[in-house]
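Chemist: Residue-level listing of the chains:
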Amino acid sequence: MKYRSVFEIIGPVMIGPSSSHTAGAARIGRVARDLFGRQPEWARIHLYGSFAETYKGHGTDVAIIGGLLDYDTFDERIKTAFEDAAAVGMTFEFIPEEEEADHPNTAKIVIGDSQGEMELVGISIGGGTMEVTELNGFPLRLSGHFPALLVVHDDRAGVIANVSNAIASQGMNIAHMEVGRKEKGKMALMVIEVDQMFDETLINELKSLPNVTQVSTLAN
Amino acid sequence: MEVLFGTVKELVALAEAQNKPISEIMIEQEMQITKRSREEIVAQMENNLSVMESAVEQGLQGVKSTSGLTGGDAVLIQNYIKSGKSLSGDLILDAVSKAVATNEVNAAMGMICATPTAGAAGIVPGTLFAVKDKLNPTRDQMVNYLFTSGAFGFVVANNASISGAAGGCQAETGSAASMAAAAIVEMAGGTPQQSAEAFSIVMKNMLGLVCDPVAGLVEVPCVKRNAMGAAKALVGADMALAGVVSRIPTDEVIEAMHRIGQSMPSALRETAKGGLAATPTGKALEAEIFGKDKAVSDTVNS
Numbered sequence: 001m002k003y004r005s006v007f008e009i010i011g012p013v014m015i016g017p018s019s020s021h022t023a024g025a026a027r028i029g030r031v032a033r034d035l036f037g038r039q040p041e042w043a044r045i046h047l048y049g050s051f052a053e054t055y056k057g058h059g060t061d062v063a064i065i066g067g068l069l070d071y072d073t074f075d076e077r078i079k080t081a082f083e084d085a086a087a088v089g090m091t092f093e094f095i096p097e098e099e100e101a102d103h104p105n106t107a108k109i110v111i112g113d114s115q116g117e118m119e120l121v122g123i124s125i126g127g128g129t130m131e132v133t134e135l136n137g138f139p140l141r142l143s144g145h146f147p148a149l150l151v152v153h154d155d156r157a158g159v160i161a162n163v164s165n166a167i168a169s170q171g172m173n174i175a176h177m178e179v180g181r182k183e184k185g186k187m188a189l190m191v192i193e194v195d196q197m198f199d200e201t202l203i204n205e206l207k208s209l210p211n212v213t214q215v216s217t218l219a220n
Numbered sequence: 001m002e003v004l005f006g007t008v009k010e011l012v013a014l015a016e017a018q019n020k021p022i023s024e025i026m027i028e029q030e031m032q033i034t035k036r037s038r039e040e041i042v043a044q045m046e047n048n049l050s051v052m053e054s055a056v057e058q059g060l061q062g063v064k065s066t067s068g069l070t071g072g073d074a075v076l077i078q079n080y081i082k083s084g085k086s087l088s089g090d091l092i093l094d095a096v097s098k099a100v101a102t103n104e105v106n107a108a109m110g111m112i113c114a115t116p117t118a119g120a121a122g123i124v125p126g127t128l129f130a131v132k133d134k135l136n137p138t139r140d141q142m143v144n145y146l147f148t149s150g151a152f153g154f155v156v157a158n159n160a161s162i163s164g165a166a167g168g169c170q171a172e173t174g175s176a177a178s179m180a181a182a183a184i185v186e187m188a189g190g191t192p193q194q195s196a197e198a199f200s201i202v203m204k205n206m207l208g209l210v211c212d213p214v215a216g217l218v219e220v221p222c223v224k225r226n227a228m229g230a231a232k233a234l235v236g237a238d239m240a241l242a243g244v245v246s247r248i249p250t251d252e253v254i255e256a257m258h259r260i261g262q263s264m265p266s267a268l269r270e271t272a273k274g275g276l277a278a279t280p281t282g283k284a285l286e287a288e289i290f291g292k293d294k295a296v297s298d299t300v301n302s
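Protein chains in written order, with full-length UniProt numbering: chain E, 1 to 220; chain B, 1 to 302.
FYI, nobody ran anything at the bench for these hints, they're computed from the structure.
The structure displayed is predicted, hence computed values, not measured ones.
Misleading hints may appear alongside valid ones.
[To be verified] With a Cα cut of at most 25 Å, we get these calculated SDA-like pairs of lysine to any residue:
| # | chain 1 | residue 1 | chain 2 | residue 2 |
| --- | --- | --- | --- | --- |
| 1 | E | K56 | B | F5 |
| 2 | E | K79 | B | P249 |
| 3 | E | K108 | B | A267 |
| 4 | E | K56 | B | M111 |
| 5 | B | K204 | B | T66 |
| 6 | E | K79 | B | P280 |
| 7 | E | K186 | E | K2 |
| 8 | E | K56 | B | K35 |
| 9 | B | K204 | E | K108 |
| 10 | B | K35 | E | S169 |
| 11 | E | K2 | B | P249 |
| 12 | E | K2 | B | K204 |
| 13 | E | K79 | B | A108 |
| 14 | E | K79 | B | N79 |
| 15 | E | K79 | B | G72 |
| 16 | B | K64 | E | S169 |
| 17 | E | K2 | B | H258 |
| 18 | B | K35 | E | M1 |
[As the list claims (entries may be wrong)] With the Cβ distance kept under 8 Å, some of the chain B side facing chain E (calculated, not the full set):
| # | residue |
| --- | --- |
| 19 | I33 |
| 20 | S37 |
| 21 | R38 |
| 22 | E39 |
| 23 | V42 |
| 24 | G84 |
| 25 | S86 |
| 26 | I112 |
| 27 | G153 |
| 28 | I162 |
| 29 | D251 |
For every residue, glycine included, the Cβ atom is placed at its ideal position computed from N, Cα and C.
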């Protein structure tokens with residue numbers, strides 16, 4: 001099941017004109033911003049397929065920038081996202097790519113500031129629903145079947161055990177889990193899909209764990 | 001995650017076995033999957049209904065998109081209805097004008113509720129707010145109209161596609177019109193099976209519809225495809241309520257839509273490279289809006 005909720009069909013409430021090219025794009029930008037954990041200072045956005053061909057007409061560009069400014073799909077400020085980005089000092093660049101991606105609506109977002117950078121590949125699968133397929137070179141298989149937790153952490157012994165204990169203590173079951181790292185002892189990423197919707201308590205608990213640097217969620 | 005239904009066959013069987021409307025099955029599934037309360041779920045749908053209502057009202061006042069390609073047609077149609085000269089019937093034209101109103105607001109970057117997408121957002125509310133004047137539903141029944149539409153859309157989204165880039169316009173306005181037809185049947189007192197028949201009758205007449213937006217904008221021909229989608233939804237619902245059935249079962253019609261979408265060339269799937277977008281006037285409009293270079297370099301033969 002790619003779609004879980006009736007509100008992915010009747011919804012989202014959004015600023016027009018396109019659910020896949022505006023709302024879905026805003027969501028890809030917002031997840032990137034969320035995972036980065038702070039306002040990026042610069043953004044380089046590569047667009048593929050239908051995104052590359054029609055992004056201007058659909059407002060895909062303002063929507064992604066809006067997402068990077070933490071705006072939701074229904075936030076009227078999406079319309080002025082370019083000006084708003086200038087106001088907070090974020091520079092950006094859009095690069096339409098000729099190369100074919102697996103999905104017609106694909107965006108690769110590279111964002112950063114003086115402290116670091118991050119790269120995320122997202123696809124907009126229709127009706128405003130999106131999936132993340134790659135994060136910092138880690139391929140993700142975030143199908144959207146389940147609510148998901150993305151935990152960025154330092155590659156140290158015991159972090160995975162602590163995280164899974166915290167999830168278990170909430171009485172939650174892990175449906176699928178992937179762990180990856182770029183280099184031994186450096187940044188690592190856990191992608192955990194769970195059976196139920198989670199709440200703020202769990203997210204805060206995970207954030208407080210040692211060696212966990214960022215927790216983000218992908219819930220439909 | 002346990003879903004109650006993955007196909008229309010299962011959805012209808014559940015509704016019949018439990019003697020419940022399809023909207024109720026959708027609410028129960030939503031509660032089960034998201035672990036949220038009925039009150040929360042119904043309140044969120046009620047909010048979506050209010051957004052749709054505001055968009056229709058705004059569009060009926062007359063709006064204009066930034067590109068200038070669309071806007072004002074909803075008002076023209078309403079005035080024509082008032083003249084008393086309509087041939088196809090006031091209710092159909094009212095649905096058409098309200099579907100157009102919603103999409104004109106969408107094109108003008110106003111606030112809408114995607115049903116199932118923004119490009120097809122006019123059909124479900126357009127038909128709902130037109131049928132409302134004839135059937136006088138309660139607010140709850142209007143919310144249920146959206147749950148019934150959503151139940152059918154859920155099956156389409158999971159078994160085929162609701163994305164124009166993936167499956168063409170048949171996946172967007174085709175799905176929306178078929179969903180609306182099913183919901184009209186329920187509101188008018190038809191059976192769950194009649195909802196499924198209405199869905200099939202309409203979807204069969206949307207198969208093959210390509211996504212070819214001029215200049216890549218959700219305006220031409222999207223607004224008018226919403227208009228005709230609303231009209232087909234009403235006619236399809238009436239046919240099903242009259243007892244007409246589809247020879248091809250609903251799930252097979254959905255599967256056919258999926259396969260047709262997969263075999264559509266990319267020029268006809270929301271890339272603005274084929275169909276109406278590639279006509280001389282379509283290209284001229286694109287050049288006017290974005291500058292000549294893009295229009296020339298982006299055009300390929302479909």
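Chemist: Output the numbers, in ascending order, of every earlier hint that fails for this structure.
Modeler: 1, 2, 5, 6, 7, 8, 9, 14, 16, 20, 21, 22, 23, 24, 25, 29
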